[in-house]
Amino acid sequence: MDVMKKLEILSDSAKYDASCSCSGSDRKTPNGGLGNGKDCGICHSWSDDGRCVSLFKILFTNYCIYDCAYCVNRRSNDILRASFTPREVADLTIEFYKRNYIEGLFLSSGIMKNPDYTMEQLSETLRILRDEYLFGGYIHVKAIPGASKELIDKAGALADRISVNIELPSKESLRLLTDKKHTDIFKPMKLITDGVSQSVAERKKSRFAPRFAPAGQSTQLIVGATPETDMTIVKLSEAMYNKFALKRVYYSAFIPVNAGDKRLPVLREPPLLREHRLYQADFLMRQYHFNADEILTPDKPMLDISLDPKANWALNNFHLFPVEINKADVEMLLRVPGIGPLSARRIVAARRGHYLNFDDLKKIGVVLKRAGYFITCKGKRMPAFSEKYQSVYGALAENHDPGPYQMKLFETG
Amino acid sequence: MNKVYLFDGTLKSYNNSLRKLWHLAQNGEKLFSKGDYHPGLFETVIDLDYLNELQISKKETALFKDCCRTLVYSFCSGEKEAVEVTPSFISYMRTNGRKGFYHLAEPSVRIVTKAAKRTGSEAHKLKGILRFRKFGTLFYGQYFSKTFVLPMLGDHFKKRMPNETWIIHDSERETGLYYDGKELRQAFFDKNELAELKIQSEKTKAEDEIEKLWKKYFNTIAIETRKNPKLQQSFMPRQYWRYIVEVEERVG
Ligand code: SF4
Numbered sequence: 001m002d003v004m005k006k007l008e009i010l011s012d013s014a015k016y017d018a019s020c021s022c023s024g025s026d027r028k029t030p031n032g033g034l035g036n037g038k039d040c041g042i043c044h045s046w047s048d049d050g051r052c053v054s055l056f057k058i059l060f061t062n063y064c065i066y067d068c069a070y071c072v073n074r075r076s077n078d079i080l081r082a083s084f085t086p087r088e089v090a091d092l093t094i095e096f097y098k099r100n101y102i103e104g105l106f107l108s109s110g111i112m113k114n115p116d117y118t119m120e121q122l123s124e125t126l127r128i129l130r131d132e133y134l135f136g137g138y139i140h141v142k143a144i145p146g147a148s149k150e151l152i153d154k155a156g157a158l159a160d161r162i163s164v165n166i167e168l169p170s171k172e173s174l175r176l177l178t179d180k181k182h183t184d185i186f187k188p189m190k191l192i193t194d195g196v197s198q199s200v201a202e203r204k205k206s207r208f209a210p211r212f213a214p215a216g217q218s219t220q221l222i223v224g225a226t227p228e229t230d231m232t233i234v235k236l237s238e239a240m241y242n243k244f245a246l247k248r249v250y251y252s253a254f255i256p257v258n259a260g261d262k263r264l265p266v267l268r269e270p271p272l273l274r275e276h277r278l279y280q281a282d283f284l285m286r287q288y289h290f291n292a293d294e295i296l297t298p299d300k301p302m303l304d305i306s307l308d309p310k311a312n313w314a315l316n317n318f319h320l321f322p323v324e325i326n327k328a329d330v331e332m333l334l335r336v337p338g339i340g341p342l343s344a345r346r347i348v349a350a351r352r353g354h355y356l357n358f359d360d361l362k363k364i365g366v367v368l369k370r371a372g373y374f375i376t377c378k379g380k381r382m383p384a385f386s387e388k389y390q391s392v393y394g395a396l397a398e399n400h401d402p403g404p405y406q407m408k409l410f411e412t413g
Numbered sequence: 414m415n416k417v418y419l420f421d422g423t424l425k426s427y428n429n430s431l432r433k434l435w436h437l438a439q440n441g442e443k444l445f446s447k448g449d450y451h452p453g454l455f456e457t458v459i460d461l462d463y464l465n466e467l468q469i470s471k472k473e474t475a476l477f478k479d480c481c482r483t484l485v486y487s488f489c490s491g492e493k494e495a496v497e498v499t500p501s502f503i504s505y506m507r508t509n510g511r512k513g514f515y516h517l518a519e520p521s522v523r524i525v526t527k528a529a530k531r532t533g534s535e536a537h538k539l540k541g542i543l544r545f546r547k548f549g550t551l552f553y554g555q556y557f558s559k560t561f562v563l564p565m566l567g568d569h570f571k572k573r574m575p576n577e578t579w580i581i582h583d584s585e586r587e588t589g590l591y592y593d594g595k596e597l598r599q600a601f602f603d604k605n606e607l608a609e610l611k612i613q614s615e616k617t618k619a620e621d622e623i624e625k626l627w628k629k630y631f632n633t634i635a636i637e638t639r640k641n642p643k644l645q646q647s648f649m650p651r652q653y654w655r656y657i658v659e660v661e662e663r664v665g
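Chains W and V supply the protein sequences, listed in that same order. For the first sequence, the positions run 1 to 413 when our numbering is used. For the second sequence, the positions run 414 to 665 when our numbering is used.
Think of the hints as simulated: they come from the structure by calculation, not from any bench. For each residue, glycine too, the CB sits at the ideal point set by N, CA and C. Mixed in with the good hints there might be a few duds.
[As the list claims (entries may be wrong)] Beta-carbon label-pair distances, calculated as ranges:
(1) V/E456 x W/V330: 42 to 50 Å
(2) W/S306 x V/V664: 52 to 60 Å
(3) V/L467 x W/G33: 36 to 44 Å
(4) W/T297 x V/K472: 36 to 44 Å
(5) V/L597 x W/G33: 12 to 20 Å
(6) W/H319 x V/L597: 55 to 63 Å
(7) V/K628 x W/Y389: 50 to 58 Å
[As the list claims (entries may be wrong)] Now the stretches of chain V that chain W is said to cover, found in silico as 3 or more residues with beta-carbon under 8 Å:
(8) 427 to 440
(9) 517 to 525
(10) 546 to 558
[Claimed, not checked] Below, in silico cross-link-like pairs of lysine-lysine (DSSO-like), each with a Cα-Cα straight-line distance of 27 Å or less:
(11) W/K98 x V/K572
(12) W/K113 x W/K98
(13) W/K28 x V/K478
(14) V/K478 x W/K363
(15) V/K559 x W/K363
(16) V/K640 x W/K5
(17) V/K616 x W/K98
(18) W/K5 x V/K628
Next comes chain V alone, as it looks inside the complex (with noise of 0.2 Å):
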């Protein structure tokens, strides 16, 4: 009998079931979204939603640690293998302690490693590009991103800006994170919530005043001889360029 997990398909649901999987999971099992799971023959299914939690040992607390992080950055990828894998990587790790995460040669290991690394690379990138235009006293960014980044930024800009009040929006999932001056929240865009948070399609003065200044810092500081449009976009991709101050009259 083959054993398969499901939960719910929502980081939350997946961080949850990371605790149980710790003690259940065994090299071969697999993981899925319950909408993402198509039943077959001779399979043990059990929902992880059901279950209750379990403790970890003290030994094992900062293995465990380790471990989530990695999972849940390669559940934010989107890649739908690593979470199938996860009942497997969780099981090798279990054996092989922190060095498993070089053994790049258990299949689960280098799936799971490989996405978290695409959403790790594109959360830094991030970190880096991802503007904000002033209305009023709030900040507001809308950002493109390929994986799910919103978890990495929120702690980010809140060590960043801790004083100010601001909203990171991220475009492609209609959702965002709220930040007062004290605490960060999950929002959910609509156009009514955009419009009641005074976000206006329209800039203010100052405002446009400040960002022609970037521009024009940006582009005087290219040095003309030197142009390479082509090593510029390997380090910035014209897909993250609608959202980029300095660039995004350039996509049209």
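The following block holds chain W by itself, in its conformation from the complex (with noise of 0.2 Å):
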């Protein structure tokens, strides 16, 4: 099979796989060679359906030895199938990095023969491009469930990130997906169940988190096969980042893949904007110092599809509001609809020299058509603006239509 065959299998198989942004690390072009690692957060390209495109993202093989439910590669599906040399991913890697097409590697795979000997391919891919070809790009490798800890060390020193996906929000749906046989798909779940009375200096053995990779390690679910709620999904994720320094968790709205399997669900679109949702919540923990149990309660356990999660808290806790813009501190601006760290940092700044107005908020980026609701200036409130709970929620109400949002989120990644 050709190269050109082998692409248009291995890169359709991987496209599902949500993340795409690199966080920099600081890996710095070899001597003689080329690249670093520095300028992550670039897009290169943006897809037909508009997601940025930054790594090479691509399987090693769509072979595999197991069967989960939710998956297009797993073994009962009657697919093309294909695999890469590691000489032949190195080379494509290579020659797209050096026409700016790309910023890095992602590779993933399928576990053929044994997840070791899938891990040894990954690695060789690894080794040819930092050793032989002196690459200093980003590479960001998925660990395969199951392979030794020897062999996850080995890539996981090559890499910028290492990741598992640990797929399913709780161990219940693991067991009712994936492939009996796959049991080691577990041990990362595992890990972070359990994970509450690890140590720091355990962690840092465990092999969930190889402590090379200086870009972390991050994470992918899958929203929506199974029916675990928002507030489970919410909570899982804080515990990532607080109790494994997760650098990221990725959502990925299910799409029936497997259409006819009887453990799925029969969706007619894949949840779009709960995925889209759920991002928002995200980021409100990674960057408004949000906690998961502020965003969603056991009695709402599921996030508001027509509200953001900010306008959301704001909605649920309308008694705080309206705060003084010239007094409030910095971590109540944050918590206002329309005013993002950048504006709350300026608002600090400029409100030194002067009382600020309305006006001048424009003028620094607050989006008024939705901050007017919650704030005073000079204890005034902004004019025909509404107080009431029913015309506030009605304005901050969105369509249906998730909108031009990746810009939020990979910027930040």
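Need the complex rebuilt from these two chains, each delivered in its own frame; the hints are there to steer you.
Laid out in structure tokens, this is it:
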């Protein structure tokens, strides 16, 4: 099979993987070599679905000895199969990098023969890139569940980021949907649920967090294939950020690739908006210092589809508003819909000079048509902005078009 | 009497004039490129190109550098107003220090930082969407940009490909940078020079093969059920497509 055909098959299989952005590492260009890991966050293209293309995202092989319900590559599917050689992947990466198509490589794989064999192939690819081609660009590699610690460590030493997908948000769901023989897939999940008592020192030794990958670890969750609530998911993510120092959790709306499998729900379309809201909630935790418990509560365990989670929080805590722009502390400013981290910082800097009015806020970049409901300037409300809950809800609710949200997502990746 | 400063309109001359303005500029004074200036009554005109360089005190060096960076970016946006308010901006920053950057209520700060941001974000975009095509051992990258981002791209690609020979070519301004694996220098393009550099309009077969692989990849990764050309174009507007391998054929 020629490389063109392999590329088609193996990029097709990799495309459902959500993570795209890389967060820069401090890897420098090797002497006489090519590229560095610094400039991550650069999008090189946008595919027809509007997603940022930053890394060359590819599967090493789509052969798999297992049979997970939600996976296109599962053994029982009758699909075209292919495998690269390590050299082929390395060559493509270098040629693409030199033409400025990509920022680096994201290498993932089905499991062929056994986990160790597969992990070895991935490591060999990385070795060629780093040692032979002196490639200093960004590499994200998937750790194959079940591969030996030594092999994963080896790959981790060569990569900028290494990740294990936990795929589904609970053990019950994993048990139901993954291949029974594929028990290793529980290991990363187990690490997370047992993680409470795990010390930092132990974590460094565990294979979920090989310590060398300088840009850290990330993981991916499929949303909508199983009955977990948003609250379960957001709390799980929070635990992963706090206890495992995970850099990113990616959410991937379930796309029914295996129609007819009785274990899977029948969806008219992938829950894209829900995925979008989860990303927003995630963003609130990472950038706005929100706790999972503030975003969702047991009596309202799902995110409101028509409100972004920040507006949702503000409406649930309507009694805390309005806040006075010239007095409120940064933490509170950050919680006002329409005020982002940058605007909040600017407000604090600017109000040292003089009292701010609505005009100043507009110049600073505050989105007044949202913020207007929640703030006062010098004790005055914005003219013609309602104080009634119902009308504020109506004004902030969005239609169901996710819109160009990726900007935010990947700028900060 | 209103004071008006003049420079010769080039980036180099603008850059040089900043050091002088740092000492001279007062609020309300204006800066013009000689080509844009129409003499008015009651104006004192100072041609900065004839003034000697002035020293910046150690204490102010850091602030001066930050201001220069922002001003050069704003100059590269092509916004004439940003040039005009340069003296006011400098005078304001000199009195207010670094926090002045946030005082968007001050018109000169607003105009300059806004223009600088336009250049900055376009430069960032082009670091991603510029494409190289290989001719022999030379990587050649032609691109379109609204603002003048060449200076920002040069350093970026020097770090990214320090051991390759490459050219980046601003198609709008017919100017570019040539890097021979050691040094960056400016290049101007006419047909002869392009021919001399062996940049043909015909790609080699090997190059064509790689571009086909990339296009195959690009077309495969889009998820059919999520097609969203509007979103795609909001990030990557069509005016850039001419030089972007994977979409160049779509602009016809
Ligand atoms: S082990 Fe991975 S590749 Fe194989 S079927 Fe399961 S999810 Fe798919």
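Against the structure, the hints:
| no. | hint | in the structure |
| --- | --- | --- |
| 1 | V/E456 x W/V330: 42 to 50 Å | 46 Å, holds |
| 2 | W/S306 x V/V664: 52 to 60 Å | 37 Å, violated |
| 3 | V/L467 x W/G33: 36 to 44 Å | 43 Å, holds |
| 4 | W/T297 x V/K472: 36 to 44 Å | 54 Å, violated |
| 5 | V/L597 x W/G33: 12 to 20 Å | 19 Å, holds |
| 6 | W/H319 x V/L597: 55 to 63 Å | 60 Å, holds |
| 7 | V/K628 x W/Y389: 50 to 58 Å | 52 Å, holds |
| 8 | 427 to 440 | violated (count 0) |
| 9 | 517 to 525 | holds (count 3) |
| 10 | 546 to 558 | holds (count 4) |
| 11 | W/K98 x V/K572 | 12 Å, holds |
| 12 | W/K113 x W/K98 | 34 Å, violated |
| 13 | W/K28 x V/K478 | 26 Å, holds |
| 14 | V/K478 x W/K363 | 25 Å, holds |
| 15 | V/K559 x W/K363 | 24 Å, holds |
| 16 | V/K640 x W/K5 | 23 Å, holds |
| 17 | V/K616 x W/K98 | 16 Å, holds |
| 18 | W/K5 x V/K628 | 13 Å, holds |
Checked against the numbered hints listed earlier, the structure breaks hints 2, 4, 8, 12; every other hint is satisfied.
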